[in-house]
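Those protein sequences? They're chains A and B, same order as listed. According to our numbering, the first sequence is numbered sequentially starting from 1. According to our numbering, the second sequence is numbered sequentially starting from 1001.
Don't read these hints as lab results, they were simulated from the structure. Hints are not guaranteed to be accurate.
[Stated by the list, open to error] DSSO-like, lysine-lysine: derived pairs with alpha carbons at most 30 Å apart:
no., chain 1, residue 1, chain 2, residue 2
1, A, K496, A, K599
2, B, K1236, A, K448
3, B, K1254, A, K439
4, A, K439, B, K1250
5, A, K493, A, K599
6, A, K167, A, K330
7, A, K439, B, K1236
8, B, K1250, B, K1212
9, B, K1047, A, K399
10, A, K99, A, K61
11, A, K336, A, K349
12, A, K448, B, K1254
13, A, K395, B, K1047
14, A, K336, A, K399
15, A, K599, A, K544
16, B, K1047, A, K429
17, B, K1078, A, K439
18, A, K448, B, K1038
19, A, K439, B, K1212
20, A, K180, A, K244
21, A, K25, A, K56
22, A, K349, A, K299
23, B, K1110, A, K429
24, B, K1168, A, K448
25, A, K582, A, K544
26, A, K448, B, K1061
27, A, K439, B, K1061
28, B, K1053, A, K448
Source: prediction; values computed, not measured.
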Amino acid sequence: MMIFRKIQSLLFILLIALPGWAAEKVTFTMEAPQVVELGEQFRLAFSVNAKGQNLKLPDLKDFDVLMGPSTSQSTSFQLINGVSSSQVSFSYLYVLRAKKEGRYTITPGTITVDGKDYTSNGQTIEVVKGSAKPSTGGVDTPTTTPGTVPKSDLFVRMNLDKRSVHKGEHLTATIKIYSKVNLNGFEDISIPNYEGFWAQDIPLPQQISLQRETYNGEIYNVGTLKKTLLFPQQTGNITIGAVKIDCIVQQRVRKSQSIFDDFFDSFASVKATITSDPVSVNVTPLPSPPSGFSGAVGKFDIRSSITAKNVRENDAITIKLDVTGNGNIKLINPPKIAFPADFEVYDPKTNSNFTASDQGLNGNISFEYLFLPRFAGSYTIPAVNFVYFDTDSKKYVTKTTDEYQIKVEKGDGTRSNQVISAVAKEDLKQLGTDIRFIKTGPVILQPKGYTFFGSFAFYLLYLGGLLTLLTIYLLNQKRIRENANVARMKNKKASKVALKRLKEASGHLQSGSDEKFYESVTRAFWGYLSDKLTIPASELSREKASDELTKHSVSSTIVERFVQILETCEYARFAPDGGSAKMHELYEEATDVMSVMEKEIK
Amino acid sequence: MRTIMKNIIQKYLLILLLSGSLQAVSAQPVALQDSLAKGNQLYTAGKYAEAAKTYEAITSKGFESFELYYNLANALYKSNNITYAILNYERALKLQPTNEDARFNLEMTKRQVVDNIDLLPEPGFLRWWHELINSRPADSWGTHTLVSFFLFLIFFALFLFSATIRNKQLTFWLAVLALSYSFVTYSFGSTQRSKLVNHNSGVITERSIRMKGSPSESGTELFILHEGLSVQITDKLGDWIEIRLADGNKGWVKESSLVRI
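So here's chain B without its partners, still in its complex pose (with noise of 0.2 Å):
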């Protein structure tokens, strides 16, 4: 009677744990997957133009992954689009943010791109933090979360059922500590996946605009942005949003002058 119940149990819990997953996998059609491959195709042959068109092609069906991000801003770098080549990096960055290639063809890319603008100096420890929240994405702290938060719950398992004194007192502090860092891994997930889905960032994809002081036409003119510069957005009013460049400095321009990453 007892076994048949875990049975159903570890059954429940790895339906849950697939779903996820199986949701993601049974919802992209052979087709998708087809054309890109032929757009491996026409990159690998040289056709880089075809194959960006390839690429973009499932973009606009809804689709993203890491690779597909990358794979359509290496054919439109070769293509010599680098503005477009560069939001697409950005992209895969966010999907892959510690991807070594993508961050060295960025790199490369960003080289071609008319402003130059210094960053702004972070403190130590505030930088080391934010490496450490983008070292992953959201769902590779989603699952150090959940596994944290399992292993709290087997602790404090063992908690309840140790005997004696010493393994309670260590039981509990295992759990202590499993479940603080379940906490803060959520965290961080969280973070990562505001970034993914609230877009708060965004690439110059016009020639040269004129950033303004204020959300209107007449606004004094702050500075010249070039194509291809990769902007925080942090406001929104009408059809102006606020930007912030690397180095600190805030300005709007109008939303149709940049593309969200």
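Bound-form chain A, shown alone (with noise of 0.2 Å):
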């Protein structure tokens, strides 16, 4: 009857519109049910979205085939706006009945489109032994009391597909509702708060769509009704709570003897509340993690730009760090970068996208730092080490990134002046504390408790000292002795010097050469008197003779005629007159005079 009425739609669309099919991309598909009870009914359909020719379909032994294969054909048409649409669709249906409990895949049907051969993706169908359920189209007979939902035929569960994990590695929370019964609808679904977690759903289509699967070896429509990714933030044993449902199911009501109700039967709806067992995740701690860990779990890249090297003064830089990779994007901190110590830098600005599915949390987040290199220079900004947890090998695994030269030149002066008038003086900047460096220049080694105090060699010193003393006291007391000697000696001759000159000028008075003769007379007077009276020659002048005679207690009278002398000495040499009488007269003189004063002088 359906097949007729398709068909009859069929017709009154091609009487519409007879447009060519659209090009479009050509799909075959195949479908069954993943899970059917032994003796069961089932569809096996066979869909291809164009007209196709020369089918192959599988070979079925292992099913009983009860109808088919039964051929439809729909199309569907669109007008929108004056553009026309069509979409066709045949499809190819089997009715068959398993023979025998295991695993039976059924291989793909072929098709051609248009002299193209298409291939439909295969299929594992699951027999399993039946409950004791009539499988023929019967009445069902309502095993429970109306109003009530057994246990076994409506419950709601939490699968996690890891029980332990590390902190930050993340699991997948399903939650699924299993179900004999005609469900109509949920009133009120309430998921545990994942308290421990961070937590990211994943994106599951709008429409609950229920699929067979088996469960205790018994099948059950399920539906997933939440996906969510969860990753610890705390260690030990969490235990999830529970999810509470409540689901309206349809159940038919018997009601009494009517006549009618053989032939309609009557439905209720009944309230059933189903909840899960609440569920425990080990979370194990990481281990001590090195120096920079960023907190990220999971498998990352980082890569780093820059949008300038060289710059101006106080002109804005940004470096952005890139972090790809699967894990807990979200939960990184920004990884520290070591800027030089007087650059104005701001926080960085964090930007993440990522999408979650089964795999987990996959994406990228970027971090970007803005900063003023605030004076000229060249700078180095070090590489960054990103440290993520691998959760693949148990193991903390650096990414360094490059490291950057900047070089900045002086400003032009219009900029930075207006942003700093005058010179804006700073405070000295304290990065640290830190001890004050080694010294490593050249040492002295001392042998231990040695000082030079003390020592023998210091106390012999002032030893030496004060021998140093007494020596030069001494010696110059000899030097004194020794010089009143000398003045002694030179006394003793000083007559017998006289003496001697004096006769060297009788010698040159008899030879005739007058001035020679005056010479000598004045030497032997200068030269007794220098060694008599201990003046030397060099300071004695007639003056400072004849004082020094008169303090030695010489006679005026001596004295005047002794000065007498020297000036007629003095006066002839220069003006030589006088015969040689009054030379033989003067040398008399001289004698006498000399003569005189060896005796007065004391």
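Take the two lone chains, each set in its own frame, and fit them into one complex as the hints suggest.
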């Protein structure tokens, strides 16, 4: 009857419009339930969205073919804003029944469309032992009292894909509803708040579609209500609370013996509240992290980029770190960049973009560091070490970015002057405290406890000083004594020398050389006085000599006569006029004065 | 004849002066200088524990110098051995009491010591006096006393040889001044030397000890002291020593619980 109706509609559509089929991508799919009970009838459908030929269907020897293949065709036609589009679909339908328990694979079928072969997907069908339910399309007899739904017919479970994870490693929590009854809808779903986790829902289709699955050897219609990625934030045994769902179940109700009952079943909506069992996860802490651990757990890669490397003072530069991978992306802390100390650095801007799937959280997070070099010069921005915990190898992995050399030139003055009018004085920035560096200069190592002070050499120096003084003193005393002796000797010799010189003079007198005579007389007197009075000859003058002679108690007449002789000698030396008689006279006078002087000088 | 004699005396004095330093220089093998340089390299490379071991090997051979103790203390500080760092800074400061870097580092290191002891207030002039004595190591005072003694000898000689009364008066007073300065600095020098030779201060090396009222295990417990504290040693009886804290408190501890500076 249905087929007939379909053909009817097809005819109707064909009448309205017969445009060529839109050239669409051909899809050829096979559809069958995953699980069937032994003896149950089920449908195996192939559908193709184009007219095909030469359909080759798989071998179905493991099943009894109850009906088919029956073909049906449907076409949809759309007219939107004058643009028409149409879809056609052909389906080939079998009604099968399993012969034996086990797993059977239905091999793909092929079809030729426009001369090209298309292959459908394959499918595995699990055949399980049926429940005691009659498989024939007879009247269901409710096994339970009306208004209640047995626990074995409707329940909810929370599945965790892992029961033991590291802190930060993701696990997937799936909430599934298992049902054998006619579910009409849900009134209220309360999902536990995943305390101790950071949770990210995996998007699911809006419509909850029920699929057949086995659980404990029985077939249920199973619907996935929610899938959530969980990232544990604390360690230890974390328990996730129960899921509570209010379901509306349609139940066939048998009323009292009315004759219509056999023909018209009456249904009643029954509200059933189901709760899941709480589950727990064992979260182990990460091994002790190395320095620079960013909190990332998963598998990541890091790239860095910089907007400019040659700038002027106070120009903004941005370094962007891009972390891509799978893991707890949202929970990654911005890695620290060791900027030169006098850079003006702003807090990093974080941007994340990710999708949640069964495989975890995939995507990237970027950190933008804006900074301004304040002073000209060459700077190095060191490489950033991004440390994460690899969930596969259970080890910390370090990824390193590039190091950047930045050249900052002096500002042209226009901009920086606006920013900083006059010279901005800054306090010295204390970056840290440390002890002062070691001494590396030349070192004199001494035996322990050695001091020059108090050593033998130290006291010897005292003694040496004293001895030196004593020696100098004694030497001086000796010199004084010796000097005194020399004076006495000279005194003694004085008259002898003088007489010798006078004799020399008398020799000159006889030989008639006047000049030499006078000179000898003068020298005899001066030499005599110098030795006798211990006055250096150079210091002697006529006045000094007469003074000294008076001091040495020489009578004034002798002094006068002495001065007279010297004057005569000097006068005669420069103006020789006297004859030899006068010279003779002077000689006599000189010897006379000399002998008196010798007696009188004391 | 006179000049020859003078020459001999001069040479004799020169040898005397040099003999002190020569004795020290000739006694240190080249190997020790090399290992000191190696220690400095290790320290610069950040291998502090190894550097400390290298320096310690030199001290264990019986040699010392300000720089050696200072570098050793730095290496110990960097390898987190606070107590022995303090000990070696104190040793360094004994050799150069006024070294600013060593004082600074000691101050930094002492911040990590558990015990906080208020210094006993000292009368101003006494503190000044101690600072004056402490301002130079023994050998520096030794130079002062020797030089001023020689000045005294020179002035005394001039006094002897000067002819006029005025000159004699002047040189006499100068000689007296030089001699008294020599005496004062000699006493300073011997004070400094006794500190160096007698080792009458120490640093506590046990994590925590109890200071007793008498030199026996049964003595009354007075204070709990922790490692890194510098104390004065005032007496000794058997294996017990009497210590004096910076705040003036005295008590007895086992000698093994501290290391003499």
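Here is how each hint holds up against the structure:
no.	hint	in the structure
1	A:K496 with A:K599	holds (13 Å)
2	B:K1236 with A:K448	holds (23 Å)
3	B:K1254 with A:K439	violated (35 Å)
4	A:K439 with B:K1250	violated (36 Å)
5	A:K493 with A:K599	holds (14 Å)
6	A:K167 with A:K330	holds (14 Å)
7	A:K439 with B:K1236	violated (36 Å)
8	B:K1250 with B:K1212	holds (9 Å)
9	B:K1047 with A:K399	holds (26 Å)
10	A:K99 with A:K61	holds (9 Å)
11	A:K336 with A:K349	holds (13 Å)
12	A:K448 with B:K1254	holds (25 Å)
13	A:K395 with B:K1047	holds (27 Å)
14	A:K336 with A:K399	holds (14 Å)
15	A:K599 with A:K544	holds (20 Å)
16	B:K1047 with A:K429	holds (28 Å)
17	B:K1078 with A:K439	holds (15 Å)
18	A:K448 with B:K1038	holds (21 Å)
19	A:K439 with B:K1212	violated (40 Å)
20	A:K180 with A:K244	holds (18 Å)
21	A:K25 with A:K56	holds (20 Å)
22	A:K349 with A:K299	holds (22 Å)
23	B:K1110 with A:K429	holds (24 Å)
24	B:K1168 with A:K448	violated (46 Å)
25	A:K582 with A:K544	holds (28 Å)
26	A:K448 with B:K1061	holds (9 Å)
27	A:K439 with B:K1061	holds (20 Å)
28	B:K1053 with A:K448	holds (18 Å)
Going down the numbered hints, you'll see the structure goes against 3, 4, 7, 19 and 24, while the others check out.
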